[in-house]
Amino acid sequence: MNGSAANSSQPQIEIIRRPVRIQLTYWQSVRRRLRRDPISMVCAGILVLIIAAAIFAPWVAPADPYKTSMLRRLQPIGTSGHLLGTDELGRDMLSRLIYGGRVSLLMGILPITIATLVGSSVGIVAGFLGGKTNMVIMRIIDVFFAFPSVLLAVGLAGALGAGPVNCLISLALVFTPPITRVAESATTQIRNQDFVEAARATGASAPSIIIGHVMTNVSSLILTYASGLISVAIVLSSGLSFLGLGIAPPTADWGLMLNTLRQSIFIAPVNAVLPGVMILITSVCFNLLSDGLRTAMDVKP
Amino acid sequence: MLWYTLRRVVYVLPILFGVSIICFSFVHLAPGDPMSAVMPEFASPELIAQIKRAYGFDQPLPIQYFRWLGAVLSGDLGVSIISARPVWGELLPAILNTAQLAIAAVGLSLLSGTGLGVLAAYTRRLATDRAITTAAILGVSVPHYWVAMVLVAIFAVTLGLLPAMGMAPPDNRGFGLDDVRFMILPALALSMIPTAIIARSVRATVMDVRKQEFVQTLYANGLRRRRIFLHVIKNAAPPVLAIMGLQVAQLLGGSILVETVFAWPGTGYLLSNAIATRDLPLLQGTILVLAFFFVMMNFLVDLAQPLLDPRIKRQ
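The listed protein sequences derive, respectively, from chains A and B.
For what it's worth, our numbering labels the leading residue of the first sequence as 396, then goes sequentially.
For what it's worth, our numbering labels the leading residue of the second sequence as 1089, then goes sequentially.
Hints are computed from structural coordinates only; laboratory data are not their basis.
Beta carbons: idealized from backbone N, C-alpha and C, even for Gly.
Errors might be hidden in some of the hints.
[Stated by the list, open to error] Just a sample of chain B residues kept apart from chain A, beta carbon distances all over 10 Å, derived: (1) P1150; (2) V1160; (3) A1172; (4) I1191; (5) V1206; (6) T1211; (7) A1252; (8) D1267; (9) D1296; (10) I1344; (11) R1366.
[To be verified] Cβ-Cβ distance ranges computed for the label pairs, FRET-style: (12) A/I434 with B/L1388: 21 to 29 Å; (13) A/Q584 with B/R1212: 26 to 34 Å; (14) B/A1351 with A/L478: 28 to 36 Å; (15) A/T420 with B/L1104: 22 to 30 Å.
Please model the complete structure; the sequences and the hints are all you need to start from.
If you want it as C-alpha cells, here you go:
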C-alpha cells in the first residue's frame, strides 16, 4: 500500500513515440516529387547515358570516328564491326553519333546558360527598377520578338560567319529576350509584395533585397522556363550546323552529319536520317524533363 | 475600334524601326567590311576603296543607316553582291514560291491542329487523347528539317510515290496536279510543329472553357450538345487565334531549313544560298522582308482579336 502511494505521488513520465515527421526543405521535396515521376526519371536516365557517353567518348566509342574507308561506305545497320553502319566516307556511325553529342549537347546547353545569366540579370534589374528604365529595356527586348527565332538565329549566324563561337553568340542572343521577359514579369510581381516593402522599410539596400527576396522567389520560374528552352536550342543549333553555319567538318556533330549524309539519302535512307534520331531523343527528353521539373517545383506559368 | 487600331499602330511603328536597325546591322556585324569576304585576294587598295565608295561603305554608320532606310522605304533593297542584280528582283519570285508553300502548310496545320485539339479535349483521358497529346509532345520537339528528310526517305526514296525535291516545271496550264505533287512533302514537313502546338493549345483552351459555369448552365437549360459545342468553340477561339498567328509567322522562319532540304526555290533557299556565298545585302533584304511579314502578321492578329472577343478592346 505504502509503496503504491509513493508510486502514485511520483509523476509518471510518459514518452509518447509519434512517428517522426521530418520537415522537408523546398528543394528536398522537389527532388522527392521528381523521383516519384516515372517519365522524368526515364528521361533523366536517357540523358545521363547520352551525356556520359559523349564525355567518355574515347572509351565508349567502338571505333575511331575519323577513320575513313572507301571500301566500306554507307554500310547498312547491323554490319559486322559497325553496329549502326557507316557514313558516306566509311566512318563508323555509332562512334560518330557518340562523339557528335559533345558538340551538339554543348551547343544546346551553353547558349541557354549564357542567355539565362544575361537575361535573368537584365530582367530582374528592369523589373526591380521599374519606371522608365524598365520601359526602355523592355521595348528594346520587344524588337527581338519581331523575328521568328529560326530567322533571327540564321540571320545572326549568317552575318557573323560560320563557326561554333559565332553560332554560340547568335543562339545566346536569340534566347536572351524571352528569358528577360519572363524574369521581368516575375520580378514586377514580386516587388509589389508586402514582404519586399517591409524589407525596404527596415532599410535593406537594393542589392540585398534583390539577392535575398527577389532572386529566391523568381529563380524557380526562370529555371523551369530556361530548362524548357534547352530542347529548342538543341534543335536550333543542329539546324544551324545543318545549314553549314556550325562547326566545320570532319568534327562529328549531329546537325552537320545530317547535312553531309543528305546527299546519300537515295542510297542509304536509313543511315541518312539516323543523326536526327539522336537530336529527337535528346530534345524530347529535355522537353519532358523540364515539364516534370515544372510540376515538381509547383511553378505556375 | 478606331482608338484600339491607332494604339496598335503606335505600338508597331517603333518595333519596325528596331527591326530595321537590327537588319541594317547584319551587314556590319562581321569583322572587316562587308566586301572583304567577296573581294579577290589580289585586289589593289585603290580598287577596294573604289568599290567601297560605290556601295557607300566609306560613310559613317549613322549616315549609311539613314541612306539605307530611305532607299528601303522607297522600295530599293540594294544590290546583291554575287549576282549584281537588285535584291528585290531576286526576292520577289522567291516570296511568291514561299507564299505558295506557306499557304498550303498553314491550311494543313490550322485544320489538323484544330481538329486534333478539339478531338483530344472531347475524348479526355481516352486513348485518342493520349495519342494526340503524345504526338503533340513529339511534334513540338522534332527538328522539322529532319522530318523533311524522313519524309523524303519514305515517300520519295523507298516508296517512290512523290518527287524528292524542287518545284513542278512551269507550264501554262496553271496550278495543276503536278504542282500539288511537288508541294505535299515540303508542306507536310513545314506544318508539323505548328500542328502540334496548335493542337496542344486548342486542347487546353477547349478543356478550360468546358469547365466554366456557363457551359453547365447551357447543359442545365437543356440545350442540344451541338449548340453547346458551338458556344465552347466560340469562347475558345480568341486565345487560340493569338497562338495560331504566332505559329503561322514562325512557320515562315521554319521554311528556311525545310526549303533547303527540298531545294524549294523560296526565300529560305535564297537565304541559305546568300549565307553560303556571304552575299550580305541579299541576306539583309530577305530577313528584313520576312521580319516585316512577321510583324504585320502579329499586327493583324491583334486587330482581329477584338472582332472575336469584344472584351479585349476594353483592357
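* To do: Classify the label on B/V1206 as holds or violated, using whether its beta-carbon is more than 10 Å from each beta-carbon of chain A.
  => holds (23 Å)
* Asked: Honestly, do A/Q584 and B/R1212 meet the 26 to 34 Å range at C-beta?
  -> holds (31 Å)
* Asked: When you look at the beta carbon of B/P1150, is every beta carbon of chain A farther off than 10 Å?
  -> holds (18 Å)
* **Least C-beta distance between B/I1191 and chain A, which was stated to exceed 10 Å** => Holds, because the least Cβ-Cβ distance between B/I1191 and chain A comes to about 17 Å, which exceeds 10 Å.
* Least C-beta distance between B/V1160 and chain A, which was stated to exceed 10 Å -> holds (15 Å)
* For the pair A/I434 and B/L1388, does the Cβ-Cβ distance stay inside 21 to 29 Å? -> Cβ of A/I434 to Cβ of B/L1388: about 39 Å, so the range 21 to 29 Å is violated.
* Is it correct that the beta-carbon of B/A1252 has no partner in chain A closer than or equal to 10 Å? -> At roughly 8 Å from the nearest Cβ of chain A, B/A1252 sits no farther out than 10 Å, so the non-interface label is violated.
* To do: Over 10 Å to the closest beta carbon of chain A is the bar; see if B/D1267 clears it.
  => Given that every Cβ of chain A is farther than 10 Å from that of B/D1267, nearest at about 23 Å, it holds.
* Should the label of B/T1211 as a non-interface residue stand, given a Cβ cut-off of 10 Å to chain A? -> holds (21 Å)
* Examine each Cβ of chain A, and state whether all of them lie more than 10 Å from the Cβ of B/A1172. => Label holds. Min Cβ-Cβ 20 Å, cutoff 10 Å.
* Status of the given 22 to 30 Å range, CB of B/L1104 versus CB of A/T420 -> Check failed, 49 Å falls outside 22 to 30 Å.
* When you look at the beta carbon of B/R1366, is every beta carbon of chain A farther off than 10 Å? -> violated (7 Å)
Consistency with the previously given hints fails for numbers 7, 10, 11, 12, 15, ordered from lowest to highest.
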